[in-house]
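Student: Generate coordinates for the entire structure from the input sequences, incorporating the hints supplied.
So the sequences go chain by chain: S and D.
Heads up, the first sequence is in our numbering, so the first residue is 1 and it goes up one at a time.
Heads up, the second sequence is in our numbering, so the first residue is 1 and it goes up one at a time.
It is worth saying that the hints were derived from the structure and are not from the lab.
Quantities reported herein were computed from a predicted structural model and do not represent experimental measurements.
Note that beta-carbon positions come from the ideal geometry of N, C-alpha and C, so glycine has one too.
Don't take each hint at face value.
Derived pair list, reagent style DMTMM-like, types lysine to aspartate or glutamate, alpha-carbon separation capped at 20 Å [claimed, not checked]:
1) Lys287(S) / Asp42(D)
2) Lys305(S) / Asp66(D)
3) Lys64(S) / Glu12(D)
4) Lys60(S) / Asp40(D)
5) Lys305(S) / Asp20(D)
6) Lys287(S) / Glu193(S)
7) Lys287(S) / Asp20(D)
8) Lys100(S) / Asp86(S)
9) Lys43(D) / Glu193(S)
10) Lys43(D) / Asp86(S)
11) Lys305(S) / Asp40(D)
12) Lys43(D) / Asp115(S)
13) Lys25(D) / Glu35(S)
14) Lys43(D) / Glu57(S)
15) Lys47(D) / Glu35(S)
Here are some of the chain D residues that sit facing chain S, going by a computed Cβ distance under 7 Å [what the hints assert, rightly or not]:
16) Glu12
17) Ala14
18) Asn16
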Amino acid sequence: MSKVVYQGRSYERQDDETVLRCLLRNEIHVPYSCESGACQSCVMQVTSGEIPPNSQEDLKETQKSLGYFKPCVCKPEGDLEIIALDDAHKQKHRVTVVEKCFLNGEILRLRLACDEPLEYRAGQFINLFNGDLIRSYSLASLPGSDEMLELHIKRVPTGAMSNWLCDDVQVGDQLSIAGPMGECFYHEVDGEEGLLAVGTGSGLAPLWGVVRDALAQGFEKPIILCHGAMSAENLYYVDELRRLEKAHPNFSYFPCLSDVDVAELPAGMFSGYPNDVAFAQQPTVVKWQIFLCGHPEMVDQTKRKAFLLGASLTDIHADPFVLASSA
Amino acid sequence: MSQSVYDRIGGEAAVNAAVDLFYRKVLADDRINGFFADTDMDKQAAKQKAFLTMALGGPNNYTGEDMRKGHAHLVERGLNDSHFDAVMENLGATLKELGVPDDLIGEAAAIAESTRNDVLGK
Numbered sequence: 001m002s003k004v005v006y007q008g009r010s011y012e013r014q015d016d017e018t019v020l021r022c023l024l025r026n027e028i029h030v031p032y033s034c035e036s037g038a039c040q041s042c043v044m045q046v047t048s049g050e051i052p053p054n055s056q057e058d059l060k061e062t063q064k065s066l067g068y069f070k071p072c073v074c075k076p077e078g079d080l081e082i083i084a085l086d087d088a089h090k091q092k093h094r095v096t097v098v099e100k101c102f103l104n105g106e107i108l109r110l111r112l113a114c115d116e117p118l119e120y121r122a123g124q125f126i127n128l129f130n131g132d133l134i135r136s137y138s139l140a141s142l143p144g145s146d147e148m149l150e151l152h153i154k155r156v157p158t159g160a161m162s163n164w165l166c167d168d169v170q171v172g173d174q175l176s177i178a179g180p181m182g183e184c185f186y187h188e189v190d191g192e193e194g195l196l197a198v199g200t201g202s203g204l205a206p207l208w209g210v211v212r213d214a215l216a217q218g219f220e221k222p223i224i225l226c227h228g229a230m231s232a233e234n235l236y237y238v239d240e241l242r243r244l245e246k247a248h249p250n251f252s253y254f255p256c257l258s259d260v261d262v263a264e265l266p267a268g269m270f271s272g273y274p275n276d277v278a279f280a281q282q283p284t285v286v287k288w289q290i291f292l293c294g295h296p297e298m299v300d301q302t303k304r305k306a307f308l309l310g311a312s313l314t315d316i317h318a319d320p321f322v323l324a325s326s327a
Numbered sequence: 001m002s003q004s005v006y007d008r009i010g011g012e013a014a015v016n017a018a019v020d021l022f023y024r025k026v027l028a029d030d031r032i033n034g035f036f037a038d039t040d041m042d043k044q045a046a047k048q049k050a051f052l053t054m055a056l057g058g059p060n061n062y063t064g065e066d067m068r069k070g071h072a073h074l075v076e077r078g079l080n081d082s083h084f085d086a087v088m089e090n091l092g093a094t095l096k097e098l099g100v101p102d103d104l105i106g107e108a109a110a111i112a113e114s115t116r117n118d119v120l121g122k
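Tutor: Encoded structure:
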């Protein structure tokens with residue numbers, strides 16, 4: 001007989017009962033559907049205890065590393081402490097603004113110091129609060145290397161949050177964030193052949209973290225980063241990415257300009273959308289890890305194309321939230 | 001009861017290998033990919049897995065009523081026998097590509113075929 005601990009209460013699991021059945025028998029209403037490990041409606045997160053491997057079968061490697069599992073097929077040997085995926089999103093932290101700087105005419109970089117160290121993976125996102133206003137922003141910083149949390153915020157003409165951050169928030173101000181969240185981070189996969197990152201606008205933020213994280217973890221296969229903007233003035237971190245390219249021969253950076261003709265391209269830049277440039281460079285992506293962030297239409301199209309060109313769905317990473325800047 | 005095709009080809013691991021292959025064929029098939037234009041790919045892949053599990057006689061809790069409800073919006077958009085046939089074709093091709101013997105493919109096809117009327121709301 002083992003126990004399942006959920007929301008501070010402990011439940012005796014009967015022999016041969018799944019974790020899901022145990023919760024339901026105790027009138028705890030969690031979403032579920034197929035009860036055979038297929039639909040993933042019931043996925044939860046384990047915070048303590050051992051889960052049998054079959055209860056993580058077919059989840060993404062990133063999800064497995066976060067302790068995600070399928071309660072409907074999980075019959076653990078010992079005790080488990082579990083949380084709903086929503087609960088992980090409610091953890092609030094106080095941060096102090098330590099740097100505010102515009103990276104170009106429309107994108108603000110905020111560097112934040114967290115009161116208590118925040119455990120996160122490069123590429124995850126946080127929610128930022130201003131009263132009732134909540135927006136999601138990807139973390140651009142790399143834990144262990146960057147001391148501060150880094151956010152890239154695009155000013156949206158009608159955006160209440162982005163205008164407040166750009167105009168009113170001052171260095172020294174305290175802000176409230178929740179997280180980290182999301183599965184858009186690098187995690188080693190057996191037999192991986194390369195890493196393709198495609199982003200537009202401030203969608204570079206998580207990719208800047210993910211690429212540096214993969215390099216720091218000793219990723220030796222090719223890494224391709226395509227960053228798209230309308231014109232050269234709308235790009236940022238060009239020098240930083242060029243330096244990274246020089247330091248790592250397996251990393252290639254492609255700045256892509258959608259509104260500039262080939263004849264007028266600045267040196268070393270590409271004409272077109274970043275997803276088109278990406279697949280022209282790399283027409284097959286079997287066993288590649290794919291990271292996408294930015295314009296929702298670009299993300300959807302690229303996801304589908306990468307899958308049709310051979311990438312496994314479990315190796316395609318994109319955040320569920322939509323960038324306000326691109327909506 | 002004899003062992004299901006699902007167990008004989010290797011259970012969940014075999015279905016996982018089939019999902020990407022099957023879904024890629026469906027998305028590349030111009031006869032039917034219009035029905036999948038605006039779907040969330042991750043959710044859709046989970047549904048494809050549930051479908052394959054059922055077609056192979058694996059554990060599932062889907063009823064004829066679920067099939068009806070789940071496809072009613074597609075029937076409204078014109079889903080008909082020709083589309084169902086296309087899916088059956090992709091199912092057969094997927095299993096063949098994975099080296100599943102013909103008699104087992106036949107059994108899987110028969111189970112999938114049994115959902116035709118519910119899926120098409122007949």
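Student: Hints numbered earlier in the text: which of these fail when held up against the supplied structure?
Tutor: 2, 8, 9, 12, 13, 17
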